[in-house]
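Residue numbers (my numbering), protein chains in the order written: chain A, 1 to 150; chain B, 1 to 733.
It is worth saying that the hints were derived from the structure and are not from the lab. Since the structure is predicted, the reported quantities are computational estimates derived from the model, not experimental observations. We treat Cβ as the ideally placed atom computed from N, Cα and C, and that holds for glycine. Mixed in with the good hints there might be a few duds.
Here are the simulated SDA-like pairs of lysine to any residue, each with C-alpha atoms no more than 25 Å apart in a straight line [as the list claims (entries may be wrong)]:
{"id": "1", "chain 1": "A", "residue 1": "K145", "chain 2": "B", "residue 2": "V733"}
{"id": "2", "chain 1": "A", "residue 1": "K69", "chain 2": "B", "residue 2": "T225"}
{"id": "3", "chain 1": "B", "residue 1": "K614", "chain 2": "A", "residue 2": "A128"}
{"id": "4", "chain 1": "A", "residue 1": "K77", "chain 2": "B", "residue 2": "T218"}
{"id": "5", "chain 1": "B", "residue 1": "K107", "chain 2": "A", "residue 2": "L90"}
Covered by chain B, per the in silico footprint, the following chain A stretches (three or more residues, Cβ under 8 Å) [unchecked claim]:
{"id": "6", "region": "35-47"}
{"id": "7", "region": "66-74"}
{"id": "8", "region": "85-91"}
{"id": "9", "region": "100-108"}
{"id": "10", "region": "112-126"}
{"id": "11", "region": "134-148"}
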Amino acid sequence: MLTLSINGADLQVDVPEDMPLLWVLRDVLGLTGTKYGCGIAQCGACTVHLDGVAARACVLPVGSVGQRKVVTIEAMKEHPLGQRLQQAWLEDEVVQCGYCQPGQIMSAVALLAQNPAPDDQAIDLGMAGNLCRCCTYTRIRSAIKRVAQA
Amino acid sequence: MSVDSNAPLSPSRRQLLKVGALAAGGLMIGFALPFSGRSFAEQVINEGPEDGRTPTATALDAFIGIDRQGRVFFTVPKIEMGQGAQSGLATILAEELEVGLEQITLKEAPPNEQLYNDKLLNFQATGGSTSIRSNWEPLRRAGAAARLLLIQAAAGQWQLPADQLRAENGRVLGPDGRSLGYGELVDAAAQLPVPENVPLKTPEQFRLIGQPSRRLDTPDKVDGTARFTIDLTLPGMKHASTLTCPVLGGRLAEVDERAARQVPGVREVIRLDNAVAVIGDHTWAAFAGLRALEVRWDLGENADIGSDAMERDLHRALDGDDGAVANEAGDIEQALKEAASTFEAEYEMPFLAHAALEPMTCVAQVRPDAVELWVGTQVPVRAQTAAAEAAGRPPEQVIVNNQLIGGAFGRRLETDFITQAVAIAAKVDYPVKLTWTREEDTTHDLYRPHYVDRFAAALDGEGRLLGWRHHIAGASVLARFAPAAVPPNGLDGDAVEVAMHPIYAMEHLRVSYTPVPPKALLQSWWRGVGPLRSSFMLESFIDELALKAERDPVDYRLERLALHPRAQRVLRRAAEQAGWGEALPAGRGRGVAVQFVFGSYLATVVEVEVGEDKALRVRRIVSAIDCGRVINPVSVRAQIEGGTLFGLSAALFNEITLAEGRVQQTNFHDYRQLRISDAPPVEVQLIDSSEEPGGVGEAGTALIAPALVNAVAAASGTRVRRLPLVRAGYHVV
Chain A
1 MLTLSINGAD LQVDVPEDMP LLWVLRDVLG LTGTKYGCGI AQCGACTVHL
51 DGVAARACVL PVGSVGQRKV VTIEAMKEHP LGQRLQQAWL EDEVVQCGYC
101 QPGQIMSAVA LLAQNPAPDD QAIDLGMAGN LCRCCTYTRI RSAIKRVAQA
Chain B
1 MSVDSNAPLS PSRRQLLKVG ALAAGGLMIG FALPFSGRSF AEQVINEGPE
51 DGRTPTATAL DAFIGIDRQG RVFFTVPKIE MGQGAQSGLA TILAEELEVG
101 LEQITLKEAP PNEQLYNDKL LNFQATGGST SIRSNWEPLR RAGAAARLLL
151 IQAAAGQWQL PADQLRAENG RVLGPDGRSL GYGELVDAAA QLPVPENVPL
201 KTPEQFRLIG QPSRRLDTPD KVDGTARFTI DLTLPGMKHA STLTCPVLGG
251 RLAEVDERAA RQVPGVREVI RLDNAVAVIG DHTWAAFAGL RALEVRWDLG
301 ENADIGSDAM ERDLHRALDG DDGAVANEAG DIEQALKEAA STFEAEYEMP
351 FLAHAALEPM TCVAQVRPDA VELWVGTQVP VRAQTAAAEA AGRPPEQVIV
401 NNQLIGGAFG RRLETDFITQ AVAIAAKVDY PVKLTWTREE DTTHDLYRPH
451 YVDRFAAALD GEGRLLGWRH HIAGASVLAR FAPAAVPPNG LDGDAVEVAM
501 HPIYAMEHLR VSYTPVPPKA LLQSWWRGVG PLRSSFMLES FIDELALKAE
551 RDPVDYRLER LALHPRAQRV LRRAAEQAGW GEALPAGRGR GVAVQFVFGS
601 YLATVVEVEV GEDKALRVRR IVSAIDCGRV INPVSVRAQI EGGTLFGLSA
651 ALFNEITLAE GRVQQTNFHD YRQLRISDAP PVEVQLIDSS EEPGGVGEAG
701 TALIAPALVN AVAAASGTRV RRLPLVRAGY HVV
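Make a model of the complete structure from these sequences and hints.
Written out as structure tokens, the structure reads:
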């Protein structure tokens, strides 16, 4: 039995330690906002925060999470930066199919938390780990800038 | 993409609309019946019923319903996969019905080809950039008819002439300020006959159409609450994943499942003809279980096929006879003999996977009474048929609950993964969610075909185009997808679309096609469909002709576009906006391309920088589109931006190759996709137009590759005739 801090709550899960955090979140805890895309940390659809830092949950054995605080897209409604980015995402009509967008927003929150005024290059660096197959990149850039400049 | 373009379409105006009562009280308006020129719809159109009521209960699903609370339920015949079609269609309805977008509740259309066939595609599908084009007029008419009926119902109640009343925001308003909500009028309206004449709003009266509006599906997609197929859970459901034979046509021979059974959470190992499935308590158990299996395959006859062999077949086809002639005008052979000069070139495009970010996923339950699917599909009827066949049940026992789609790009026009999910679910007594790994998704796709096109142009003394011979070789998607739609000579209307009728005026033309079935892969639709192929080929070739004539590529095109003023306009606008003709530093160049497809005119200018060792930087993309009447300008821009970059990703990086019958690319590390750091800005110029709406979801995808290679030629003097660019040694910086 493992105890995990997820979105501010301590939760106990009975799963193998090598099971990636992604599947614990999705299939055990029902937090399906975090998506599966590649399973090898190439697409970023599974991005969560570990102590505020963006991490790929698909390659993170749940046994290695330890005491670190896990935050998922489901908590972004109450997160000041998360709220502003979600709003900017809607205002700039970023979303197309939407499958990658929870991961995009998690990476954007982590980026702005660390660098409140990123330039284009910093945005590219911070967001390059997140694929969007609908290629909404131009609007992701503008939505991040909207929040950064506000 | 057109599956049956020859089928007669004879929609009668007489029965265009149906009125009926909701079972629980309320008003129903049918609009979908005349879409198909055949079968049930034809019968209704030609023979009644004369009272305007729908003949069967199932038909009610096709309808716009307004209940006694005034809520509007719209059963949308198109799926939402990111293109914004459902919101666009709701906007058209809301406009004429005089309600707000937020008053409309969307419902996914069930499989019913009599009701929901697309009138351009002639089957029930979301594809070919048809959603707005096919539904624009009938949906307006249906909304306007409902509005008229509600006004007439109020007129009856108030004993006032209907022309003194108007509708606004879900209410009918009287001259003296009194008003009634739609919900209060629906029962009376349902008893009225279908109006003979339904006047539509004039464009000056539009309050929603043409205005930027926010899509209905996006709020749930930014906070993680949107549920895709992969996110669904049913009571008792378990999680499955499969390994399918790595070689197409191979069979499962033997499985040692002992180690897999030891994986915590693994419940079942299921043997299928060509695959093995592991069922577990969670997806991870299924994935880990698959990895622990020892599987032996009977690889079958494709086990020694490689890309080289398939490419040889394509070139051999071009060296053979002309194949099926798609179009012939003048005498191209004579023109080539007599021309002041001739020019020949051959272009090539690779197999492509779709790589939707949500992998193939389907929830299936096989019960004694029914087979039920929860799946995002572009083709509900084909999904129903596939499930029925897999379960050995009649189609009417298959329930299809369509879902939001996490990327499709044509992949979810196929039903292979649905067949597999049902085959697994048939062996257990609980619902199963099948989730493919990314590796399975990449290696067991149905691929956009590899094509080779050969051109020979006849030119006059000034290098002006007199005509060309164009021979296309590649797999016929239509021959696999809908064989009945292909004539005996094998002419695939999709493969020759655009190529068959070039927008450039020429006296002599011969376009022919030789279908070359691929040996160890299956071919399918891919965003941009036929035009994706043709635009690359035609716009590369015309550019080479311009350069050979030492002419400006924009001017050279304009000279041959006399019959297409809208094409001239987008070309001029894109060129102007991109600073065409203005000097660039050494190593930089601009390329242009123009097309008329999906009912829309598009021109794109790309600016690139080519440095040492073929270091390639795409600096800027400018597009101008004339897609007729625009429903939502934000959606049009977003589709051109995203669609263009989607095409750029493939043009730069992507190629599916085969060795020993196996697809060699497996995941995003070796099937690279465009990232934000690779993505240039895309500027979209929207041309004001009152023409019929055109499609926009695929236009940008189809046009970027030729503009890109033309830009590379301008920047470096080197012509790339085969995609992707990385194959020619370019690397993106």
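Broken hints, numbered, in rising order?
none
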